[in-house]
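Given these sequences and hints, build the entire structure.
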Amino acid sequence: MNLVRRVLVGLKSLLVGLGVTGRHMVRPAVTLQYPHELPDVSRWGGPIELVTFPETGTHDCIACNACTRICPSDCFDIAGVRAPGLKKMRATRFVLDFSTCSLCGLCIDVCPTDTLKYSAHFDDAAYHREQTMNDLLAPFGQDPYLSGRLQ
Amino acid sequence: MTFLHQLLAGWLGDFGATLLLGAGMILGYLTFNVLFLIWLERKVSAHAQRRLGPMEVGPHGTLQTVADMLKLLSKQLVTPLATDHFTFLFAPILIFIPTICLTSLVPLGDAQAFAEMPNGLAVVVVLSGVTVIAIFMAGWSSNNKYAVLGGMRSVAQVVAYEIPVLLSALSVVLIAQSLNLREIVAGQHVPYVLLEPVAALIYFIGITAETNRAPFDIPEAESELVGGFHTEYTGMRFALFFFAEYTNMLVLGGVGATLFLGGWKGPWVGSLPWLGPLYLLLKAYFVVFLMMWARWTFPRLRFDQLMNFAWKLLIPVALVNLLLTAVVLEALPRP
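Chains A and B, in that order, give the protein sequences. Quick note: the first sequence uses my numbering, first residue 1254, plus one each step. Quick note: the second sequence uses my numbering, first residue 6, plus one each step.
No false leads were slipped in.
What follows is a list of derived Cβ distance ranges for each label pair:
id, chain 1, residue 1, chain 2, residue 2, range
1, A, Leu1271, B, Ala191, 29 to 35 Å
2, A, Val1279, B, Thr23, 41 to 47 Å
3, A, Leu1261, B, Leu334, 22 to 28 Å
Negatives, chain A to chain B, calculated, CB over 10 Å:
id, residue
4, Arg1258
5, Val1262
6, Arg1296
7, Thr1305
8, Gly1358
9, Pro1365
10, Asp1367
11, Lys1370
12, Ala1373
13, Asp1376
Hints are computed from structural coordinates only; laboratory data are not their basis. Being a predicted model, the structure only gives us computed values, none of them experimental. Glycine included, every Cβ here is placed at the ideal spot set by N, Cα and C.
What follows is the structure, given as structure tokens:
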């Protein structure tokens, strides 16, 4: 009798299991078709990048090195020159070694011109350590202050 | 089709033409079937886990398996040094032959089966037992302990599960009073699954075990035996084992549909005979879908649990069911 009960209970549990997968089979998928669909990155904190301000169309880094000093992992390599006829400095080199960056965000907090932010990049990848050196000035091209286009 | 047959009969004679056309059609369809079933398996597994599965090659990934097959065809065939060469090379071919023979036996319509045999069901049972020899050959000749273990498990399992399959098929034979597959279908005014639900269930469990599929896939249990009997096989030789597994699923599903679900019978099949093969395929694929559904739901059994299940539960229940069928049939007035 015990055996019969065990068999019946087992059979029922198998049917319940089939029911669970059966229900899931007709529900919509929860996965993302990655290269075609991208995730919502509005709250994502990716590698640090320079802000583009809409008024000037460029960043506002004055090469003050506040970020270099506060960075716990010594990620930054920044150089700057004083533009002709301009009071403030302009960055000529801004390289972030992302292989040591811990994304702590201290540089963002300390930046006096608010020109640092977390980017929305979530799928950066590299084969070599050299490729993790992010040149943050690269997207900006020639500096409009240094070329005299902006005063 | 008739025209082609006449054309070939001019060269090869009537028998040769039928043989060539039949073999060509069966092999062609089986190739398509394997590509379709692997795609279906991946889709069923994906949707059971709320994924989408292959989506990139072709619409909804339908051509994914074609791409996979091309890749497997182009791969290097590696034969390990210490194998038993002849057996090693022969096993993937041998595993295939009984399945093709089985396909030709299943009646596709009222008068259509590539090879009709008076005692077809007996041949089906015998042939489906041959597969295990090929699996054991593969496991033994690989000279790899995992492969041998997989092969031995497979033998023990198939030998155990062959019996309940046979017994449940026998209860159908008792009702139909025939071993001829076509007559079994012709006699089914109601699908036998309604008359013999227990036998149908046992048959389903048995064929799942015979095709070495989860939850009975211990011959190739990845977590314990790497790949089981096909550990040492590469490229197209490995693909042949895959091919055989999925073909076997369709064929045993088709035999199951013939025995329990009314084979080629269905509405309007009397006036439109071409519906017969379609109904049979639909029913066979339904059985295959059930097997896939079960695979992606149930965990794998331990080996002793598996053997206990066959010897201590399935075989006694199948025997009692057979006995009850016989008693009821004797008690009923003969038509």
